[in-house]
Amino acid sequence: MQNIRWKVLTILVVFVVFAGVGVYPILAARFHWPSPTWLQEKQLKLGLDLKGGVNLEMRVQTDDALKLETDQESERLRDELTKRGVMFTNITTPSVTEFRVEGIQPAQDAAFRQAANEVQTNFDRSPGANGTYTFTMKQSVAQTLRDEAVVQARETIERRINELGVTEPSISQQGTDQLLVQLPGVSDVDKAKSIMGSPGLLELKIVEQGPASTQEALLVNGQVPTGMEIVPGSTGAPGDANTSYYLVRKVAAVTGRDLRNARPSLDENNQPAVSFTLNNEGGRKFGQVTGDNIGRQLAIILDGRVQSAPRIDSRIQTDGRITGSFTNEEVQNLSLILRSGALPARLDYLSERTIGPSLGADSIRSGVTASFVGLMLIVVFMLIYYKFSGINAVVALIFNLIILLGLMAYIGAVMTLPGIAGFVLTMGIGVDSNVLIFERIKEEIEAGRSSRQAMNAGFSRVFWTLVDTHIAALISAAFLFNFGTGPIRGFATTLALGLVSNLFTSIFVSKTLFELELAGRGQGAQLSI
Amino acid sequence: MHIFKNTHYNFLRWRWHALVVSWVIIIAGVFVIVTRGIPKGVEFAGGTVVITQFEKPTSVQDVRSALDKNFPGGGQYAVVQAYGDPALKQVLIRVPSAGAESGQSLSKTKDNVVAALQKSDVGGFKVVGTEIVGPTVGAELTSKGLWATVLSLIGILAYLAFRFQFSFGVGAVVATIHDLLVTLAFLAFFRYDMSLNVIAALLTMTGFSTNDTIVIFDRIRENLRAMRRDSMYDVINASVNQTLGRTVITSGTALLTSLALFFFGGEVLHGFAFTMVVGIITGTYSSVFIAAAIVSFWRGSAPTRAAAHAPAVSAPQQAPAPQQPTRKSKAQRKARAS
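As you go down the protein sequences, you meet chains P and H in turn.
All residue numbers for the first sequence refer to our numbering, where the first residue is 1 and numbers rise by one.
All residue numbers for the second sequence refer to our numbering, where the first residue is 1 and numbers rise by one.
Next up, chain H with everything else stripped away, as it sits in the complex (with noise of 0.2 Å):
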C-alpha cells in the first residue's frame, strides 16, 4: 500500500508561504505570552494544590463560596476545578501561596484550605493528594528547565554538524527551535500550565522532531552523490517527495500514541499528551518547510558539484573538504554503486 507513490511536489516552491505562517503563529504565540503570560504549574510558580474527594457531589461553586467564607484573604485568587472522573467527585483547589520555607510551616496554607472547607457545610470529605511547593524549588526548576532545553538543543546541533555537513545541523536545529516556539504558541493560545511535564514533553519533542529532519537530510545527502548535475533546488525537492511517505507514516504512528496518551492518559498527562500532539504535527511540517528550505536558502540553487564531495554516509564528517581526490572518488563509487 501507498499513501504517496512517485510524487513530484514542489515542495520548495511554498517555502515562502511556510515562513509566513510560521511567523504568524510564532508572532501571534508571543503576543499571547507577553500580554498574558505563560500559566505556571505549580511547581514553576510555587503554591498549594489540595485534591480533595468528596462524600457527597459537590459543586465547584460550593467549593469556592466555602473558601470565600473560610479562607485567609478569601478565594478570589484560588483556582478550583473537577478533578479527574466525575464519578469519583473530586475536587482540586490550587491557591498561589505557600506557607514559610522555614522549619514545618510550608504547609501552613494547605491546613488553612482545608480548615476553610472543613468549617463550612460542603460535608465530608478526604485529602487525597497535595501538592505544596515553595519559592525555592519553583525557581530552580524554572532555571534548570530552561537550561536542559538549551543544553539539549546545542547537544543535537554539535551531533548533527559533526554527522551531516554545518549548513544541516542548522537547518536541523532553526527547525526544532521553530518547533518549539510553535509549540510553545500553541501552549499559551489553548492556556496550558507550564509543568514538568510539559516540559518533558517539549524536551521529547527536540529529541524527537528531528527525527525527520535527519531521514530527509540523508536522502539529501544520498540524492547529492546521485544527482550530480542537478541543483540543489531538484535534489531537495526529489529527496522530500521520495521520503514523503515514511515522514508522514512515522509521525502518523507517533501521532496516534500521543493521541491515544491525550484522550486516555488521565488528567496528569493531558499537558504532556497536548504538547507532544502539537509538537508532532509541527515537527512534520518544519523537517519539511523549515529545515530543508534552509538548507536551500543557504546552499543557493548552484548545482551541486561541490556538495558530491560529501564523505561517505558512514565516515563521520570533519569539515567540507571539496579538493580531497582520495576522498572524491570513493564517493564516486559510492554513488555509482547506488
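Chain P on its own, in the form it takes in the complex (with noise of 0.2 Å):
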C-alpha cells in the first residue's frame, strides 16, 4: 500500500509539473487567463509554418574574404617592393588565393626575397621562370579567412535583424557556407533581403581626380596611377553614358569599421541625409587626413560606388554625412545596415519561403482537428474493446500527451505543422504499447493466472518488447531529425519525445493505475479487460 501511495504521488506530481509548463499557458493565452510571465515565456513556440514568417537559406560567398586578404597582401608587397627599389613588371592575382609578381631581375633576387619574407606569412611561396613568383595562400589559412567570413557574416546579419525589432528571430550555420535565417511575423520578404544581404561597406578616401565623365579621362600615361583606384559614381550603371568617376586613393583614410554610430538626419537643403559618428581611434585618423588636405574632395563610397564627394572646408574629427538622392525609407535602412557593420561577403540567397500567417492559421486549425479526430477515435475504439481497462488505457494516453507538451514547451522544441502530425502519431502508437501489455495480460488470465499475476506477468513479459520497438523507431527519429529543417526537425522532436514519455506512461502509470484498482481486493478479483 504504502508503495502504490508513493506511485499515485509520483504521478500527480509529474501530472501538475507538466501539465503547468506544456498546457496551462496555451489555455491561458487562448482564455486570457492570469499567468506569471516566467511561465508564459515557457509557452510552448510555434514553428514559422503555423505563425507565419520567412524562411532564407543563403550561401556566404567566402570567396571574397580570401580575395579581399590576396589583395591585400599583394598591394603590401607592391608596397614593400616600391620601398626598397625593387624593380618588377607586374603583379597580378590570377585566383581568390593566388598572386604573382613577375619580372624580378637576378639582381636584385635576394632584396625581392628579403622583402616578400617580412610581407609574407600566410602564403607559400614558389619560383617560376623569368623571375617570376607565385604566392599561394596557406590551405590551413584559406580555412581559417573562410570561417571568419562565415561567423562574421552571422554576426552582422543577426545585428540587422536585430535592428530590424523582429522577435525570436533565428540565424544558423549550415554546413560550410550556409546560414538560414528565420523571420518570424515578417511578410516583406524584399525588405528584409535587401538589409541583409546589402554588403554596407562604407569608405572615405581623398579624390585625386574628378569627376570625370569617362574612366579613361582619369588616365596618367594610359594606366591608373599606383596606389590609387577609379571608382564609379553613384548614378547609373556602371558603364552608363552619364555615370561619373573619381580617381581616389586605394587606401581609406576611414572605413565603416570605424563608426560608432549611423542615424537618419537632414542635409543643409532638408534632404534625407545619414549621419555618422566615429569612435576614437577612427576621429583621430579622419582628424589628420582631413586636417592634411583641407581644400581637397573627400569620396564617401557606399559598396563601391561614390554617393558624394564634398569638399573638406575643416579638420573633421568625429563627425560627417552622407548625402546622396535618398528617400526617408533608404536613410533608414542605410543607417540600420551602416550601424550593423559590413558584411565581409556578398550573400546568395539560395531558397526562399514565405508564410503568410493565413495560411499558418489554417494549419493550426486542420492540425487541431485532426488531432482532436485521432483522439476521440483512440478513446472510442480502446473503450469498446478494453471495456474498463480501457478508462486505463485512456488516462495514461492522454497523460503521455501532456508530457509531450510540457516537455517540449521546458526545452524550448518547437511546435510545426509536421510536429503535430508527430503528435497524432504519437497517439496512435503511443497506445500501442498498452495493446501489446493488455493482450499480454488476457493471454496470462486465460492460461489461469490470478488477474494481479497476469497482470504482474504482463508488464514484465512485453517490458523488452517495448524498448526494443522504442528504441527502433528512436533511431529512424534521431536521423531524421540529423536529416531535416525547420519543420522536419519539429517532426522528429515530437516523434522522440513522445516516445520517450510514452514509455513512463504505458508502463509505470498504466500499471500503477492497475494496481489501484486491485488493491484492496481479494485474490479472486477479476479485471475488465
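Think of the hints as simulated: they come from the structure by calculation, not from any bench.
Since we're looking at a predicted model, the values are computed, not measured.
Some hints here could point you the wrong way.
When the alpha-carbon atoms are kept at most 20 Å apart in a straight line, the in silico EDC-like pairs for lysine to aspartate or glutamate are as follows [stated by the list, open to error]:
{"#": "1", "chain 1": "H", "residue 1": "K126", "chain 2": "H", "residue 2": "D85"}
{"#": "2", "chain 1": "H", "residue 1": "K108", "chain 2": "P", "residue 2": "D188"}
{"#": "3", "chain 1": "P", "residue 1": "K51", "chain 2": "H", "residue 2": "D85"}
{"#": "4", "chain 1": "H", "residue 1": "K126", "chain 2": "P", "residue 2": "D190"}
{"#": "5", "chain 1": "P", "residue 1": "K191", "chain 2": "H", "residue 2": "D111"}
{"#": "6", "chain 1": "H", "residue 1": "K5", "chain 2": "P", "residue 2": "E446"}
{"#": "7", "chain 1": "P", "residue 1": "K191", "chain 2": "P", "residue 2": "E168"}
{"#": "8", "chain 1": "P", "residue 1": "K191", "chain 2": "H", "residue 2": "D85"}
{"#": "9", "chain 1": "H", "residue 1": "K5", "chain 2": "P", "residue 2": "E444"}
{"#": "10", "chain 1": "H", "residue 1": "K108", "chain 2": "P", "residue 2": "D190"}
{"#": "11", "chain 1": "P", "residue 1": "K51", "chain 2": "H", "residue 2": "E267"}
{"#": "12", "chain 1": "H", "residue 1": "K126", "chain 2": "P", "residue 2": "D188"}
{"#": "13", "chain 1": "H", "residue 1": "K5", "chain 2": "P", "residue 2": "D188"}
{"#": "14", "chain 1": "H", "residue 1": "K144", "chain 2": "P", "residue 2": "D177"}
Need the complex rebuilt from these two chains, each delivered in its own frame; the hints are there to steer you.
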C-alpha cells in the first residue's frame, strides 16, 4: 500500500508539473487567464509554418574574404618592393588565393626574397621562369578565413535583424558556408532580404581627380597611377553614359569599422541624409587626414559607389554626413546597415519561403481538428475493445500527450505542422504499448493465472519488447532530426519525446492504475479487460 | 473482447503467394518510376511556388490563361491548382524554375508570376505564401534524404542484430526495405510529390514497420524455448497466430490516427498522411508474410533444438553459441518458468 501511495504521488506531481508548463500557458493565452511571465515565456513555441514568417537560406560567398586577403597582401608587397627599390614588371592576382609577381631581376633576387619574407606569412612562395614568383595562400589560412567570414556574416546579419525589431528571429549555420535565417511575423521579404544582403561597406577616401565623365580621362600615361583606383559615382549603372568617375586613393582614410553610430538626418537642403559618428581611433585618423587635405574632396564610398564627394573645408574629427538622393526609407535602412557593420562577403539567396499568417492559421486549425478526431477515434476504440481497462489506457494516453507538451515547452522545442502530425501519430502509436500489455494480460488470464499474477506477468514480459520497438523508432527519429530542417526537426523532436514519455506512461502510469484497481481486493478479483 | 481467439492459420503456407504479390507491386512501382519518374516537390526539384488568395472566386483556368498571356515563356510548364478550403479562394501556382542563385535574384520568377497576374483581369489578390528553392538546396536535400534513409535502415539492422539472432535482423530489414519499396510504388501510382514531409513519413514508417516485426520475433524467441521439439515452421506459425490480435490492433490504432491526419490534417500533410497509411498497412502485412517468412527460409524446417540456446530475452545477444552449457541451462530454466 505504501508503495502505491508513493507511485500515485509521483504520478500526480508529474502531471501537475507538465500540465502546468505544457498546457496551462496555452489555455491561459487562449482564455485570458492570469499566468506569471516566467510561465508565459515557457509557452510552447510555434514554428514559422504555423505562425507565419520568412525562412531564408543563403550562401556566404567566402571567396570574397579570400580575395580581399590576397588583394591586401599583394598590395602590401607592392608597397614594400617599391620602398626597397626592387624592380618588377607586374603584380597580378590570377585567382582568389593566388598572386603573382613578374619580372624580378636576377640581381635583385635576394632583396626580393627578403622583402617577401617580411610581408608574407600566410602564403607559400614558389619561383617560376623569368623572375616570376607565385604566392599561394596556405590551405589552413584559407580555411580559417572562410570560417571567419561565415561567422562574421552571421553576426552582422544577426545585428541587422535585431535592429529591424523582429521578435524571436533565428539564425543558424548549415554545412560549411550556408546560413538559415528565420524571421517570424515578417511579411515584407524584399525589404528583409535587401537589408540582410546589402554589403554595407563604407569607405572615406581622398579624391585625387574627378569627377570625370569617362574612366579614360582619369588615367595617367594610360594607366591608373600606383596606389590609386577609379570608383564610379552612384548615378547610373557602371558603364552608363552619365556615370561620373573619381580617381581616389586606394587606402581608405576611414572605413565603416571606425563607426560608432549612424542615424538618419537631414542635409542643408532638408533632404534625407545619414549622419555618422566615428569612434576615437577613427576620429583620430579622420582628423589627421582631413587636416592634411583641406580644400580637397573627400569621396564617401558606399559599396563601391561614390555617394558624394564634398570639399573638406576644415579639419573634421568625428562627425560626418552621407548625402545623396535618398528617400526617407532608404536613409533609415542605410543607417541600420551601417550601424550593424559591413558584411565580410556577398550573400547568395538559395531558398526563400514565406508563410502568410492566414496560411499558418489554416494549418493550426486543420492540425487541431486532426488531433481531436484522432484522439476521439482512439478513445472510443479502446473503451469498446478493452472495456473498463480501456479507461486505464486512455488515462495513460492523455498523460502521455500532456507530458509531451510539457517536455516540448520546457526544452523550448518548436511545434510545427509536421510536429502536429507527430503528435497525432504519438496517440496512435503510444496506445500500441497498452495494447501489447493488455493482450498479454488477457493471454495470462486465459492461461489460468489470477488477475494480479497476469497483470504482473503482462508488464514484465512485454517490457523488453517495448524497449526494442521504442529504440528502433528512436533510431529513425534521430536520423530524421539530423536530416531535416525547421518543420521536419519539429516532427522528429515531437516523435522522439512522445516515444520517451510513452515508455513512462504505458509502463509506470498504466501499471499503477491497475495496482490501484486491484488494491484491497481479494485474490479472486476480476479485471475488466 | 477478442478479434482473433486461438487462431491456427497457416501463414507460412502463403509465403510464396505473398512474395509474388509483393514483387508484382514493387515491379509495377519500379516500372511507373522508370517510365514516368517520381514527381518531386519543389523542395527537391527546385522552382517557385506562389499561393495567392483572390478577392473574387477565380478559376484555375483564369489563372492559367493569365500566365499563358503574361508570364515570360507562357504557362505551359506551370502547375495551377486550387489550394485548401474552396471558401478561401486560394490558388497554388508552381513553376519549375527559380531565379539565379546569385545575390537577390532568386525571387525573379516569383516576381514574374505576380506581375503576370497583376497585368491580367483576374482581379485583386494577395500572395499568402511563397516557396522558392534554387538547385543547390534541392540537390543537397536529395542526397541528405537518401543518406538518412539508408543510415536509418543500417541503424535498425545493427540494433536488431544486436538484440536478436542475425537471421531475425535480416528478416526485419528485408521487411522494412519491402515496405519502403511498396510505399514508394503507391506514391508513384497516385502521383504524390516527393516532399520533405513524405520523406519524414517514409523514415517514420521504417521505424514503426519494425514494431510489429519485433513483437512477432520476440514471441518466436520465447516460443523457441517453450516448443523445443517443434519445427521452426511450426514455431513461427504459432507465434504469428498468438500475436495476431495485437499486430492487427496496434496497426489499427496507428492507422486510425493516420486516417484522421489524411482527412482532417489539411493540404500540407496530405502526402505525409498517405505515406503513413500505406506504410502502416504494408508494414503489418510484411511483418507476417515477409519478415517471418525470411526467418523460416533462412533457418529451414529443421527442429529447433539448436535455436533453443538463444540467450534469454534480457541478455543482449553476442553470437549464436550452441555449445555453452551454462547458457543452455539458464535458457532451459527460463523456458520451464514460462
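(Q) Does D177 of chain P sit within 20 Å of K144 of chain H, going by the straight-line distance between their CA atoms? (A) Between K144 of chain H and D177 of chain P the Cα gap is close to 16 Å, so the pair holds against 20 Å.
(Q) Hint check: K5 of chain H vs E446 of chain P, CA-CA at most 20 Å. Holds or violated? (A) With a Cα-Cα distance of about 11 Å, the restraint between K5 of chain H and E446 of chain P holds, given a limit of 20 Å.
(Q) Hinted pair, alpha-carbon criterion (20 Å max): K51 of chain P, E267 of chain H. Please report holds or violated. (A) holds, 17 Å
Q. Taking 20 Å as the top limit, are the C-alpha atoms of K108 of chain H and D188 of chain P close enough?
A. At roughly 15 Å apart (the allowed maximum being 20 Å), D188 of chain P and K108 of chain H satisfy the hint.
Q. Is it true that the CA of K126 of chain H sits at most 20 Å from the CA of D85 of chain H?
A. holds, 16 Å
Q | 20 Å Cα cutoff - pair K5 of chain H, D188 of chain P | A | Distance of about 63 Å is beyond 20 Å: violated.
(Q) Checking one constraint from the list: CA of K126 of chain H to CA of D190 of chain P, max 20 Å. Satisfied? (A) Holds. K126 of chain H to D190 of chain P sits at ~15 Å (cutoff 20 Å).
Q. Straight-line Cα separation of K191 of chain P and D85 of chain H no greater than 20 Å?
A. violated, 30 Å
Q: Starting from K5 of chain H, check that the Cα of E444 of chain P is at most 20 Å away, please.
A: holds, 13 Å
Q: Decide if the proposed pair is consistent with the structure: K126 of chain H and D188 of chain P, CA atoms, cutoff 20 Å inclusive.
A: holds, 13 Å
Q | Agreement of K191 of chain P and D111 of chain H with the hint, judged by alpha carbon distance not exceeding 20 Å | A | holds, 14 Å
**Q.** 20 Å Cα cutoff - pair K51 of chain P, D85 of chain H
**A.** With Cα atoms ~18 Å apart, K51 of chain P and D85 of chain H stay inside 20 Å; holds.
When held up to the earlier numbered hints, the structure conflicts with 8 and 13 and fits the remainder.
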